[in-house]
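There are 2 protein chains.
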Amino acid sequence: MSSADNQQGRLNEKLTPDYIIGLVDGEGYFSVSAYVDKSQGWNSHNVKMVFGVDLNIIDGRLLYNLRDYFGCGSVRLKKDKRERFSDQLQFQIRDMKSLTEIIIPFFQKYQLKLPKKKRSFEKFMEIAKMKSAKEHIGEKGFLKAQYLARQMHTFSPLRDYTPTATLKVDDDIVHAI
Amino acid sequence: MSSADNQQGRLNEKLTPDYIIGLVDGEGYFSVSAYVDKSQGWNSHNVKMVFGVDLNIIDGRLLYNLRDYFGCGSVRLKKDKRERFSDQLQFQIRDMKSLTEIIIPFFQKYQLKLPKKKRSFEKFMEIAKMKSAKEHIGEKGFLKAQYLARQMHTFSPLRDYTPTATLKVDDDIVHAI
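Keeping their order, the protein sequence lines are chains U and P.
Read in order, the letters of the first sequence correspond to residues 1 to 177 in the working numbering.
Read in order, the letters of the second sequence correspond to residues 178 to 354 in the working numbering.
If you are wondering where the hints come from, they were derived from the structure by calculation, not from laboratory data.
Hints should not be assumed to be uniformly reliable.
Unchecked claim - Think about it this way: if two alpha-carbon atoms lie no more than 20 Å apart in a straight line, the pair counts; the simulated DMTMM-like pairs of lysine to aspartate or glutamate are: (1) P:K293 to U:D54; (2) P:K295 to U:D54; (3) P:K293 to U:E27; (4) P:K293 to U:E13; (5) P:K258 to P:D231; (6) U:K116 to P:E204; (7) U:K48 to U:D95; (8) U:K116 to U:D54; (9) U:K116 to P:D257; (10) U:K116 to P:E190; (11) P:K293 to U:D87; (12) U:K118 to U:E27; (13) P:K286 to P:E299; (14) P:K191 to P:E204; (15) U:K109 to P:E190; (16) P:K293 to P:E303; (17) P:K293 to P:E204; (18) U:K116 to U:E27; (19) U:K117 to P:D195; (20) U:K118 to P:E190; (21) P:K293 to P:D195.
The task is simple: from the sequences and hints, build the whole structure.
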């Protein structure tokens with residue numbers, strides 16, 4: 001049990017799937033970093049995936065309820081040393097088993113509504129599938145995973161979206177939150 | 178019909194109260210500005226109230242669904258000239274009739290879950306009650322409204338919250354989002 005666990009208690013709130021979808025649409029993130037690790041003397045393809053929700057420390061007690069709801073993941077304290085910024089609690093799930101067996105099926109069943117978050121989840125799901133099939137180990141699969149990770153962060157103008165939207169593309173960013 | 182209306186369509190999504198609570202817990206705000214207007218040659222006590230949700234322009238289409246759901250308020254385009262920041266759509270309700278007859282009853286029935294947002298709503302509700310009773314016109318009522326508005330923005334350490342929480346108090350800010 002972490003020290004944050006000792007200090008913080010759950011809120012007396014019951015979570016429903018719809019509430020979680022609303023909260024995650026606003027505050028949640030799906031993130032992938034796809035990078036080459038050369039520390040062992042050879043090129044190792046790493047694809048790390050995370051689903052998370054960060055909240056300020058007062059509201060963050062709800063994250064324990066969220067952890068209970070999903071039955072996986074961990075909540076940790078994230079200190080913020082900046083003046084006028086409060087510390088945060090961070091709920092994250094990083095292990096592939098929980099992501100593929102619990103998180104992805106949940107968001108498949110109860111769909112996100114905001115287009116950017118929805119798209120980010122779809123790419124996340126594709127990468128998880130590739131990773132489970134170990135496709136990212138080969139060069140081609142790894143580049144595809146990198147490409148998908150980049151797409152999680154960007155957004156193509158679709159015909160039915162407003163033409164005034166300024167769509168930012170960060171081609172150099174692979175770690176996409 | 179505003180130009181944003183012409184450009185943007187609703188998302189094909191059905192909103193439920195639980196979803197709205199989750200989204201507002203993350204992205205919504207209750208705001209009050211209580212100030213003295215001297216422009217007419219005498220002191221006029223102004224208490225302006227707003228409930229709103231702002232989203233980036235791509236996700237912001239959902240705000241039309243939200244406006245349809247509540248049957249009040251307006252959605253407008255909020256330009257952001259900063260590099261790397263996208264424009265936003267802003268859904269706001271400012272008229273007291275809609276706030277007291279639609280918005281406040283909704284959030285009384287379907288309670289917000291995050292402590293800071295919940296507290297902000299409670300103070301908002303108190304101010305709305307005072308304003309409806311025209312209490313803010315007198316000096317005493319106006320000062321109380323200012324005090325409550327300030328409290329919307331701050332958070333007192335309650336016994337059951339973590340002692341590590343850094344609680345910031347902005348005494349000079351009355352306009353509280």
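Results for each hint:
1. P:K293 to U:D54: The hint holds at about 14 Å.
2. P:K295 to U:D54: holds (18 Å)
3. P:K293 to U:E27: Judged against 20 Å, a Cα distance of about 15 Å means the pair holds.
4. P:K293 to U:E13: holds (14 Å)
5. P:K258 to P:D231: holds (16 Å)
6. U:K116 to P:E204: holds (15 Å)
7. U:K48 to U:D95: holds (9 Å)
8. U:K116 to U:D54: Measuring from Cα to Cα gives roughly 18 Å; hence the hint holds.
9. U:K116 to P:D257: Judged against 20 Å, a Cα distance of about 18 Å means the pair holds.
10. U:K116 to P:E190: holds (14 Å)
11. P:K293 to U:D87: holds (14 Å)
12. U:K118 to U:E27: Distance of about 13 Å is within 20 Å: holds.
13. P:K286 to P:E299: With Cα atoms ~13 Å apart, K286 (chain P) and E299 (chain P) stay inside 20 Å; holds.
14. P:K191 to P:E204: Within the cut-off at roughly 18 Å; holds.
15. U:K109 to P:E190: Status holds; Cα separation ~14 Å.
16. P:K293 to P:E303: Roughly 16 Å between the alpha carbons, so the hint for K293 (chain P) and E303 (chain P) holds.
17. P:K293 to P:E204: holds (12 Å)
18. U:K116 to U:E27: holds (12 Å)
19. U:K117 to P:D195: Between K117 (chain U) and D195 (chain P) the Cα gap is close to 18 Å, so the pair holds against 20 Å.
20. U:K118 to P:E190: holds (12 Å)
21. P:K293 to P:D195: Within the cut-off at roughly 18 Å; holds.
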